[in-house]
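Residue numbers (this note's numbering), protein chains in the order written: chain A, 1 to 350; chain B, 1 to 294.
These are computed hints drawn from the structure, not numbers from a lab.
Predicted, not measured: the structure shown is a model, and the values here were computed from it.
Zero decoy hints are in this set.
Label pairs and their calculated CB-CB ranges:
| # | chain 1 | residue 1 | chain 2 | residue 2 | range |
| --- | --- | --- | --- | --- | --- |
| 1 | B | 277 | A | 39 | 53 to 59 Å |
| 2 | A | 147 | B | 1 | 27 to 33 Å |
| 3 | B | 181 | A | 24 | 53 to 59 Å |
| 4 | B | 1 | A | 221 | 46 to 52 Å |
| 5 | A | 153 | B | 162 | 48 to 54 Å |
| 6 | B | 175 | A | 37 | 56 to 62 Å |
Idealized CB from N, CA, C, for every residue including glycine.
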Amino acid sequence: MIAKEREILGERLEGKRARIDPSLYVLAALIVVAAAFTLVVKDKFYLHVLIMIMFYAAASSAWNIIGGFGGQLSLGHAAFYGIGAYTSTLLFINFGISPWIGMLAGGAISVIIAAIIGYPSFRLRGPFFTLVTIAFAVVLRILAVSAQDITKGSIGLSVPFRPSPQNFIFRDLSTYALVALGFMVIMILVSMWIERSRVGYYLAAVREDEDAAQALGVNTTRYKLIALLVSAFFTSLAGTFYAQYIAYIEPYGVFALDFSVLLAMIAIIGGMGTVWGPVAGAFIVTPLGEFLRANLGGGLQGLDLVVYGTVLILMVILLPGGVVPSIAERLKRGPKRKTAGATAAAKEAP
Amino acid sequence: MAAVLAQVAVSGLLLGGVYALISIGLTLIFGVMRVVNFAHGEFLMIAMYATFWLFQLYGLDPYVSIFIVTALLFLAGLLTQATIVRPVLRGSPAMQIFATVGLSIVLQNAALIVWKGDYRSVDTAYSRAVLSIGPLQVGVSRLTAFVVALAITIALFYFLKKTYLGKAIRCVAQDKTAALLMGVNISRINLITFGIGTALVGVAGAVLMPIYPVFPTVGTYFVLIAFVVVVLGGMGNVTGAFLGGLIIGLVEAFSGFYVPALKEAIYFVVFILVLLIRPTGLFGVVGAEEVGLK
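Next comes chain A alone, as it looks inside the complex:
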């Protein structure tokens, strides 16, 4: 049964590959526009907003690999984010190791931690899995606060300003923007690859009906674990990027539940379990927050989050699939339009 399914899906895939994937056009256009924006715009605030959009698009895409494609709702991704930020920063401050290498070291540690967390947790479903991920991030935060000899506790760590390419510290924002763009593009490509690969189809099966997937012989734990490890690795890279960009980290910031929620929220608003969902979500949500924060200032601190929360509630109730799938649906319904691409494929997945 599954073999036949796979054959049909395989054919469908081949068919897609024969033409050039429409997603690639979107990606190319995105790269051109973002790069042009980066090179033309000199206004610091707009560049910052663009960096944050691309940063959240990448980080939320990383969350989406396990949360969206795999349907395992982690609200503990701040754990990997924090590990990434602290590993590269500590290696840089104490041993002068380039954050580019520290980033990979952090990624490796996150993968190991993710395996330790994930393997036993995948027995749990729905809210139980979510709760255990929250608890892991909280424990790591407490450890980061209490290990004062290493992390300086809640005082936090500053990344010394020594601009140079190998230090991952730049004088101008546009270089950060290009790095963020590269990160986002990598995440989109990884998501596209996962969605079209066998792993992606198994994950879709797990997401839709885990018992059925298991009954059909899918090793559900294995594929969930693969997705979590990939997701943890890239979330960790996001942590390093943030540390290098903001140049200051502290436990309550990088291990925050709010950050985990934000990643999930962006993916949900854009469309969980789709390649373009987190990207669209980041383009919708991030500027909203940045502009509200910049224009309303301290007097209405928190208003951006009130808006976020309201949008989240409305989305969940009114448009539970997210923005991207509903647009794709509309495009698909049009006569002879096949541009829905990635998202349509996700819809058809078992």
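Let chain A serve as the given structure and place chain B on it in line with the hints.
Chain B in isolation, oriented as in the chain A frame:
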């Protein structure tokens, strides 16, 4: 040493009473609707602010405010159920989780805008009063919170066992289809249960106010503990939540005594272990496992 340990144990139990009181509503809602209310902590925050302002503006004693705050939170619960939770009850777990997560974000930050981040507390005559029982010191307001928690647990237990409404609630919790066939109006039961669940956290907010200060993110702190307690006691198990609260209170008191820096980490590790080893909780009932694992 024995006296010190006894003192730690008593403090732990009293603290546990507070935790139990916060957790009971959460577990009740989960038991009936299978929805984890991530905004539960924010309801606690609102209850505490309501108590604070009743005291500040009208001079109402927090223990008198209990009745007003509880009624207020009951209504807030009804409203939440009708507008936010009901539409997602048939949805995926993601929708259920994020509907209440969204509510939590909105309430927390609305509180931040309206009341700022300041810590506010109520200072009553009994806030710092201490009873001496032999060698033990017992804070009056903590003892009150404990007694209220115990009374509420017992009252809720009898309500669920003996009254028609209580039986209907248990019926929906155990088997929705059977409940429907027996003529139970499920959406009405859901509504009432959500109201009761948040009303209970209203009680918790009022009795907590003489002990803890209130600030916009106070709910985050307590809701995480409530999750620990609820899972430990078995999701949906009211008596379990009470006992779970006491256990976490004791764990916190003793770990605070021996390893102060890591006291929070310890009960979260307990939480993770319980989830991983026995997700039905320590007092899980037959059938609860299915609830937990689906």
